[in-house]
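Given chain D, put chain Z in place with the hints provided.
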Amino acid sequence: MKEIFLIFIGAVLVNNFVLSYFLGICPFLGVSNRLESSLGMGMAVTFVMSLAAAITWLFYYLILVRFHIEFLEYVVFILVIASLVQIVEMFIKKYSPPLYQALGIYLPLITTNCAILGLALFMVLRQYNFVQSVIFGFATGLGFMLVLVAMAGIREEMDFSDIPAAFKGAPIVLITAGILALAFMGFSGLISG
Amino acid sequence: MMDRVLVSVISLGVMGLFFGLVLSLADRTLAVKQDERVKKILDVLPGINCGACGFAGCRAFAEAAVREKKLFGGCIPGGDAVNKKIGELLGIEATAKAPAKKVVVLCSAEEGSKKRSFDWRGVNSCLSARLAGGIYDCKYGCLGLGDCVKVCPVGALKVEKGLVKVDYHKCIGCGKCVAVCPQGVLKLVDYTREGYLYWVGCNNREEAQKVRKECAEGCIGGGICTKIIKDSPFVIENNLSSLDYEKIQDPVSMNIAIEKCPAHCIKKEKVV
Numbered sequence: 001m002k003e004i005f006l007i008f009i010g011a012v013l014v015n016n017f018v019l020s021y022f023l024g025i026c027p028f029l030g031v032s033n034r035l036e037s038s039l040g041m042g043m044a045v046t047f048v049m050s051l052a053a054a055i056t057w058l059f060y061y062l063i064l065v066r067f068h069i070e071f072l073e074y075v076v077f078i079l080v081i082a083s084l085v086q087i088v089e090m091f092i093k094k095y096s097p098p099l100y101q102a103l104g105i106y107l108p109l110i111t112t113n114c115a116i117l118g119l120a121l122f123m124v125l126r127q128y129n130f131v132q133s134v135i136f137g138f139a140t141g142l143g144f145m146l147v148l149v150a151m152a153g154i155r156e157e158m159d160f161s162d163i164p165a166a167f168k169g170a171p172i173v174l175i176t177a178g179i180l181a182l183a184f185m186g187f188s189g190l191i192s193g
Numbered sequence: 001m002m003d004r005v006l007v008s009v010i011s012l013g014v015m016g017l018f019f020g021l022v023l024s025l026a027d028r029t030l031a032v033k034q035d036e037r038v039k040k041i042l043d044v045l046p047g048i049n050c051g052a053c054g055f056a057g058c059r060a061f062a063e064a065a066v067r068e069k070k071l072f073g074g075c076i077p078g079g080d081a082v083n084k085k086i087g088e089l090l091g092i093e094a095t096a097k098a099p100a101k102k103v104v105v106l107c108s109a110e111e112g113s114k115k116r117s118f119d120w121r122g123v124n125s126c127l128s129a130r131l132a133g134g135i136y137d138c139k140y141g142c143l144g145l146g147d148c149v150k151v152c153p154v155g156a157l158k159v160e161k162g163l164v165k166v167d168y169h170k171c172i173g174c175g176k177c178v179a180v181c182p183q184g185v186l187k188l189v190d191y192t193r194e195g196y197l198y199w200v201g202c203n204n205r206e207e208a209q210k211v212r213k214e215c216a217e218g219c220i221g222g223g224i225c226t227k228i229i230k231d232s233p234f235v236i237e238n239n240l241s242s243l244d245y246e247k248i249q250d251p252v253s254m255n256i257a258i259e260k261c262p263a264h265c266i267k268k269e270k271v272v
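Sequence order for the protein chains is D and Z.
Take 1 as the starting number for the first sequence in the working numbering and just add one per residue.
Take 1 as the starting number for the second sequence in the working numbering and just add one per residue.
Bound-form chain D, shown alone (with noise of 0.2 Å):
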């Protein structure tokens, strides 16, 4: 129980995929401008990586390990990482329309995130348990998603701030990310103790 929940709060607030691992920094700054698609964008994400953990730890374990082939595995969770993200992109379009549209490009972006492949790798690297790879897998997702709503959040502030013209945009919210991961920084002696 104790090592579970380290595995939560490591990957939540200690190992952060975005701000300590630079994991899937593409939709961190792309979806982040809106609070409301930001906390879409960051469910999509914990579903699909609790999923994904899931799916590619069966894979890799009762596939891969027996048949003595784990060098495929990139191939393998390319292939489950990707089918999966098309099947909640369909989901989703079919379900909720405004999410979708909110979501737009960055949804099929999920399918090519190293955040989740990221996560599979990790999960087998560690060699985690299937109990421990899922909730690995959402301690991640909540992770990304707590970074991305709080990123979203001091964007839609920055809106109303006076930016010097040659900072606003990109700039800027990559200054931003920078003081964010310096404060995550912070966390890093919360579990050692």
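It should be emphasised that the hints constitute simulated quantities derived from the structure, not laboratory data.
Heads up, the beta-carbon is just placed ideally off N, CA and C, and yes, glycines get one too.
Each statement offered as a hint is correct.
Derived DSS-like pairs: lysine-lysine, alpha-carbon spacing no greater than 27 Å straight-line:
hint	chain 1	residue 1	chain 2	residue 2
1	D	Lys93	Z	Lys69
2	Z	Lys230	Z	Lys270
3	Z	Lys115	Z	Lys165
4	Z	Lys101	Z	Lys161
5	Z	Lys165	Z	Lys150
6	Z	Lys33	D	Lys93
7	Z	Lys158	D	Lys168
8	Z	Lys69	D	Lys94
9	Z	Lys150	D	Lys168
10	D	Lys93	Z	Lys70
11	Z	Lys85	Z	Lys39
12	Z	Lys70	D	Lys94
13	Z	Lys270	Z	Lys260
14	Z	Lys33	Z	Lys70
15	D	Lys93	Z	Lys39
16	Z	Lys165	D	Lys168
17	Z	Lys139	D	Lys168
18	Z	Lys170	Z	Lys84
19	D	Lys93	Z	Lys40
20	D	Lys94	Z	Lys39
21	Z	Lys40	D	Lys94
22	Z	Lys33	D	Lys94
Now the stretches of chain D that chain Z is said to cover, found in silico as 3 or more residues with beta-carbon under 8 Å:
hint	segment
23	72-86
24	159-169
Just chain Z, lined up with the frame of chain D:
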């Protein structure tokens, strides 16, 4: 060795097949019907995704038009012909007349007329030059580094002698350049029924003496244009004349104002 190759090929093939089947099944059951009128409207639209209609692009506009059976502001680059066709496709009257707008440059000083403060060797962009305090003594005018040129979807802008020039045959009035100009010297304005575009080619809000020192083409805010014709559409504000486009008059009286302006700041162009 052969075994491993065989096993990996077969297992990967099976997995691929499995996911392919699942996806095609999902495609069947989760299919969303798209209105075919969207595609038809897309064929009619110019497809340059300029965003002048206020939507993210031509597709977004077409979808919104079908969804709400409205033309909103209509397609500006497409003009009346395109809007009429879209109206027919939707079965509504194309009442929304696209506003006849073109972009004007509120600066007419070429290199030589405006005094350079220093040479700009930084990034070749107005945005960064402005951050450094501009290149010219006049801090209001066109910096001539062409940020607007880069965003123009139809290539209607070019920089000549440190001043941006508009090719009015090409300008579609989408306003993208207006959004990126850090100096605010670009403005989207209406042109008259006769097809004339009028504007005051200066953006300098300093007092007359300072303007004269900085630039040979600047508006000195003397206000002759506001008095020389009756009910003048010109207004002086912060030592700078500007046009109230709702009050623009017939070409004859406008010509009087143009001739009498001592700084030759009032510009006129036949655009249609």
